[in-house]
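Using the sequences and the accompanying hints, generate a full structural model.
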Amino acid sequence: MAIMEPLFRNNASFPPFRRASRFLVLLAAASCAWLLPLAMAQRLPVDPQAAPEYAHSIRLDGDIILGGLFPVHARGDRGTPCGELKKEKGIHRLEAMMFAIDLINKDPELLPNITLGARILDTCSRDTYALEQSLTFVQALIEKDGSDVRCANGDPPIFTKPDKIVGVIGAAASSVSIMVANILRLFKIPQISYASTAPELSDNTRYDFFSRVVPPDSYQAQAMMDIVTAMGWNYVSTLASEGNYGESGVEAFVQISREAGGVCIAQSLKIPREPRPGEFDKIIRRLLETSNARAIVMFANEDDIRRILDAAKRNNQTGHFLWVGSDSWGSKISPVVGQEMVAEGAITILPKRVSVDAFDRYFRSRSLSNNRRNVWFAEFWEENFNCKLGMHGKRPGSPKKCTGLEKVGRDSSYEQEGKVQFVMDAVYSMAHALHHMHRELCYGYPGMCPRMADNMDGKELLSHIRAVSFNVFSSSNSSNNRSAGTPVVFNENGDAPGRYDIFQYQSTDGSTAEYRAIGTWTNRLHLDVEAMRWKTGDPALPPSVCSLPCRRGERKKVVKGVPCCWHCERCEGYHYQASEFSCDLCPYEMRPNATRTGCDSIPIIKLEWHSPWAAIPVFVSVLGIMATCFVVVTFVRHNDTPIVRASGREVSYVLLTGIFLCYVITFPMIAAPGVGVCSLRRIFLGLGMCFSYAALLTKTNRIHRIFEQGKRSVTAPRFISPASQLAITFSLISVQLLGVLVWFAVDPPHTVVDYGEQRTQDPSTARGVLKCDISDLSLICSLGYSILLMVTCTVYAIKTRGVPETFNEAKPIGFTMYTTCIIWLAFIPIFFGTSQSAERMYIQTTTLTISLSLSASVSLGMLYMPKVYVILLHPEQNVPKRKRSFKAIVTAATMSAKLQKGGDRPNGEVKTELCESMETNTSSTKMTYVSYSNHAI
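Residue numbering for the sequence shown follows my numbering, beginning at 21 and increasing consecutively.
All clues stand as given, with none of them false.
Listed next, the in silico DMTMM-like pairs over lysine to aspartate or glutamate satisfying Cα-Cα at most 25 Å (straight line): (1) Lys184 with Glu480; (2) Lys290 with Asp246; (3) Lys184 with Asp83; (4) Lys408 with Asp431; (5) Lys208 with Asp477.
Don't read these hints as lab results, they were simulated from the structure. For clarity, every value in this text was computed on a predicted model and none was experimentally measured.
Below, the structure is given as structure tokens:
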């Protein structure tokens with residue numbers, strides 16, 4: 021190590037190439053055996069014991085040498101760089117590169133007289149190991165200084181001239197490509213990858229010499245987002261293998277979901293590079309924590325996909341998860357072998373490609389005898405045919421020996437690996453760029469000209485790579501040629517355009533499964549949903565949503581921070597669903613429709629004639645009208661009889677008119693509201709009562725004045741004549757009419773629709789009531805004057821209660837007023853107490869009409885039915901009696917008053933004495949009617 025110290029001591033002062041040279045010299049000093057592969061590459065004699073070291077690379081002679089990086093072996097266990105052989109991703113791909121070189125070398129139009137060679141290395145699916153291997157590509161560009169280095173025996177090291185690598189094909193994994201690209205750009209060696217899709221590699225400032233024939237994951241992430249959106253999945257989890265490919269792919273998907281909106285990430289999990297035992301079971305359990313997020317978007321390598329499917333199977337989650345796999349899954353069989361049930365329904369994506377039939381024929385013809393250039397082919401032979409090649413075979417435990425006569429595709433299954441076309445595209449891209457560069461630098465010169473052979477500029481070659489355009493290899497079977505004519509091109513970042521085929525892993529007959537193409541993506545998604553099949557057998561798309569869609573009439577109340585999760589809240593009351601997230605109140609005259617997605621007009625109702633609320637008042641009113649008409653006809657026919665004359669004919673007819681109007685008002689109150697009907701209601705609502713109680717008040721006032729005057733003198737009071745009575749009555753009535761006229765002038769009658777009267781809690785039962793514009797205050801004012809007359813009349817009835825019933829009708833009037841007051845006292849709480857009821861219109865209208873009819877019936881029954889009874893059934897009593905003077909009448913009334921005040925007499929004696937005294941002065945009759953109208957005033 022003392023020999024190496026000067027290298028490290030002065031390393032900081034060396035230029036970059038010088039430092040790299042010193043680094044390689046250090047490796048040479050550490051072990052001269054490191055030079056053995058180079059010696060074999062130059063066909064120098066070497067120790068046979070060192071030959072196995074050369075088994076990690078393939079060399080093909082040529083004028084121009086291309087490098088190749090392929091994952092021939094899987095990542096080894098801890099402490100071991102390489103693991104088991106990868107038949108498809110390793111052997112198929114590197115054979116595709118050699119096959120493409122063979123075709124180019126045979127093509128007289130492409131690079132004529134120039135032979136392509138290759139140096140192919142195994143990355144062992146590990147970025148650090150690939151970096152170590154890729155140093156082989158830059159050896160020719162490093163200045164070698166061995167003055168300070170000696171071998172163990174003291175001899176100077178022997179340096180062979182390494183191959184000059186003009187361009188590199190690979191690598192497969194994005195993490196490997198990133199690591200290698202950082203070295204190659206220092207030496208300006210262009211690199212074209214056939215499988216690396218990490219978006220990070222699109223950064224032309226950091227990876228300016230990197231190009232790829234596959235689209236970056238940013239396109240893939242957009243395609244997968246479009247698939248998720250088309251499936252109606254808005255709540256998904258992501259799963260990524262640790263490394264650039266997985267992490268950058270998921271990052272691109274998450275970024276697109278944030279920008280586009282509509283898709284939420286439930287969980288974003290990462291698979292470690294070196295997973296511990298039970299790690300995948302733990303991942304499955306974590307995914308089940310958000311069980312509604314059934315869709316799992318995976319950016320994982322093939323091995324991780326297989327192990328996660330196995331973990332789902334162990335945890336009995338077959339059919340639960342909806343896998344959405346990236347191109348690392350694609351249409352590969354290896355991830356789903358033995359796990360067909362749990363993988364069924366998986367949607368995978370793969371860059372658009374075609375199967376190269378010529379390669380199939382080439383690969384099926386490979387054998388141990390004709391493919392000695394592939395140093396890993398013997399290992400592939402053992403793995404593919406499950407046999408052992410001699411005592412130095414790689415499968416010591418194999419029960420059978422290989423014969424060498426086995427045939428690929430006959431004695432073993434064979435299917436072209438998905439990236440074969442892209443490997444050939446990458447080789448042809450490099451060849452077309454070299455061809456254009458040759459025409460530019462060696463125009464007219466056959467073969468390699470000195471200018472191109474001695475000083476090939478990597479930057480110039482890169483510009484030619486970015487400018488190439490040619491059609492991809494197509495299948496000879498045109499029916500399967502989905503990508504024929506699609507050109508290979510690069511954008512300014514060295515990326516290929518986004519073109520993908522979309523597959524679904526479907527069960528065919530219940531026992532076997534296969535990938536079936538269900539769509540494509542070329543800047544936009546074309547998906548055949550009807551071609552999709554699911555494990556449940558249900559044609560409906562399975563859900564992967566945080567919350568189920570709200571029903572019509574419900575709004576979404578979004579969970580804070582998770583826009584794809586919400587609670588559904590029904591629009592209550594008179595609210596309707598205005599938008600997905602809000603409920604608005606319907607206009608006052610409208611109500612929500614049945615689905616609460618809009619508003620409908622509230623139905624308008626009125627009191628119908630056939631309603632029980634109308635039938636009963638109408639029936640009572642009709643009977644009252646008939647009875648009133650009967651009384652009027654009877655009085656008219658017996659107009660000059662003593663009973664009619666004694667009752668005060670003129671005022672009686674006014675009273676009967678009022679009674680008739682109280683019955684008639686029922687019909688306008690029930691009729692459909694209109695301007696005419698509303699006018700009649702205003703006029704006759706209080707007019708009937710006003711007629712009745714104005715007449716009764718005039719009568720009771722007359723009786724009161726007569727007997728009060730008789731107590732003081734024998735002179736008759738003024739204004740007791742029929743004409744005076746009519747004048748007083750109509751004066752009282754005119755006040756009501758004047759008030760109605762003022763009401764008409766101030767507020768002309770019109771109809772309104774009252775939507776508040778029957779605005780129930782349940783909008784479906786809400787109704788608008790068509791009514792006249794008569795408020796409760798207007799109603800009180802209209803009836804108030806009549807009630808005032810009624811109360812005044814009642815007061816006079818009380819004051820004249822002491823007048824003997826044999827002389828006047830004061831007591832029947834009193835009983836009428838008492839009963840009427842009771843009716844209206846009952847009316848007030850019923851009418852105003854139901855103002856908040858949904859049946860307000862019916863209750864108030866019925867109560868008002870029945871109260872008016874009862875008031876009229878009480879007056880008609882108590883004041884006129886006894887007279888009609890006498891007139892019709894006892895005409896012998898309806899005869900003239902001896903007229904007495906006003907003085908005699910007053911004296912009799914005074915005596916009656918005094919006798920009634922006798923408190924120490926037994927009950928009934930006063931009346932007996934009065935009757936006896938009267939019988940001595942008058943003829944014996946049961947009842948005597950006295951007419952005051954014949955007395956002089």
